[in-house]
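Use the sequences and the hints to build the structure in full.
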Amino acid sequence: MDHRDSEKIIRLAREGKQISKIWEEDFPNYDYWEIYVEVHAAGERSSLGIKRMITGRLNKLQTVNGTEREEIIQEIDDLVSHLYSRYKESQKKLDEIRGIIGG
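Each number in my numbering comes from the position in the sequence shown (counting from 1) with 18 added on.
No lab work stands behind these hints: they were computed from the structure. There's no promise every hint is true.
[Stated by the list, open to error] Straight-line Cα separation of at most 25 Å, DSS-like style, residue types lysine-lysine; simulated pairs: (1) K111 x K69; (2) K39 x K69; (3) K110 x K26; (4) K26 x K111; (5) K106 x K35; (6) K106 x K26; (7) K26 x K69; (8) K69 x K110; (9) K69 x K35; (10) K78 x K110; (11) K26 x K39; (12) K78 x K26; (13) K35 x K111; (14) K39 x K111; (15) K35 x K110; (16) K110 x K39.
[Claimed, not checked] Cβ-Cβ distance ranges computed for the label pairs, FRET-style: (17) G84 x E52: 18 to 24 Å; (18) Y50 x R75: 48 to 54 Å; (19) K69 x D44: 20 to 26 Å; (20) Q36 x N77: 43 to 49 Å; (21) S108 x Y50: 22 to 28 Å; (22) Y105 x E52: 38 to 44 Å; (23) T73 x E43: 22 to 28 Å; (24) D23 x R87: 39 to 45 Å; (25) R75 x I119: 36 to 42 Å; (26) D23 x E88: 38 to 44 Å.
Predicted, not measured: the structure shown is a model, and the values here were computed from it. Backbone N, C-alpha and C define an ideal beta-carbon position, used for all residues, glycine too.
Put into structure tokens, the structure is as follows:
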């Protein structure tokens with residue numbers, strides 16, 4: 019995979035675009051799994067993926083106790099923090115864009 023394509027794929031995932039949309043709309047010449055691996059190798063996840071992970075962990079909380087419960091709560095906290103930091107980055111970019119276009 020070309021380095022520029024890799025950077026763009028990672029940037030789009032960081033901005034919250036779903037991997038399937040990146041594949042369909044931006045990089046149909048690559049296989050879905052190539053894009054998936056590129057995103058995950060960079061430590062990125064789509065917002066939808068994180069939402070699904072949080073939902074899964076919340077559902078699992080109903081069936082576990084003790085140490086495992088505390089681990090899941092910490093993981094949920096980390097995922098929410100990740101979403102929040104991505105949101106703040108997106109807001110900053112939007113503000114910059116608005117400043118450029120005068121809106």
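Q: Could you see if the CB distance from K69 to D44 stays within 20 to 26 Å?
A: holds, 21 Å
(Q) Hinted pair, alpha-carbon criterion (25 Å max): K26, K69. Please report holds or violated. (A) holds, 22 Å
(Q) Quick check on a hinted range of 48 to 54 Å for Y50 and R75, using CB atoms only. (A) violated, 25 Å
**Q.** S108 versus Y50 beta-carbon gap, inside 22 to 28 Å or not
**A.** With Cβ atoms ~24 Å apart, the hint holds.
**Q.** Pairwise hint evaluation, K111 against K26, where the allowed Cα distance is 25 Å at most
**A.** holds, 16 Å
Q: Compare the distance between the alpha carbons of K110 and K39 with 25 Å, and conclude whether the hinted pair is satisfied.
A: Satisfied, since the Cα-Cα distance of roughly 23 Å is no more than 25 Å.
**Q.** Satisfaction of hint between K39 and K26, Cα-Cα up to 25 Å
**A.** Distance ~13 Å between K26 and K39 Cα, so the pair holds.
Q: Sort out whether K26 lies within 25 Å of K78, counting only the CA atoms.
A: violated, 34 Å
(Q) What's the verdict on K69 and K110, does the C-alpha distance respect the 25 Å limit or exceed it? (A) Given that 25 Å is the threshold and the Cα spacing comes to 22 Å, the pair holds.
Q) Given the proposed pairing of K35 with K111, does the C-alpha separation stay at or below 25 Å? A) holds, 15 Å
Q. Can the suggested window of 39 to 45 Å be confirmed for the beta-carbon pair D23 and R87?
A. holds, 41 Å
Q. In this structure, is the beta-carbon distance linking Q36 and N77 contained in 43 to 49 Å?
A. At roughly 21 Å between Cβ atoms, N77 and Q36 fall outside 43 to 49 Å, so the hint is violated.
Checked against the numbered hints given earlier, the structure breaks hints 10, 12, 17, 18, 20, 22 and satisfies all the rest.
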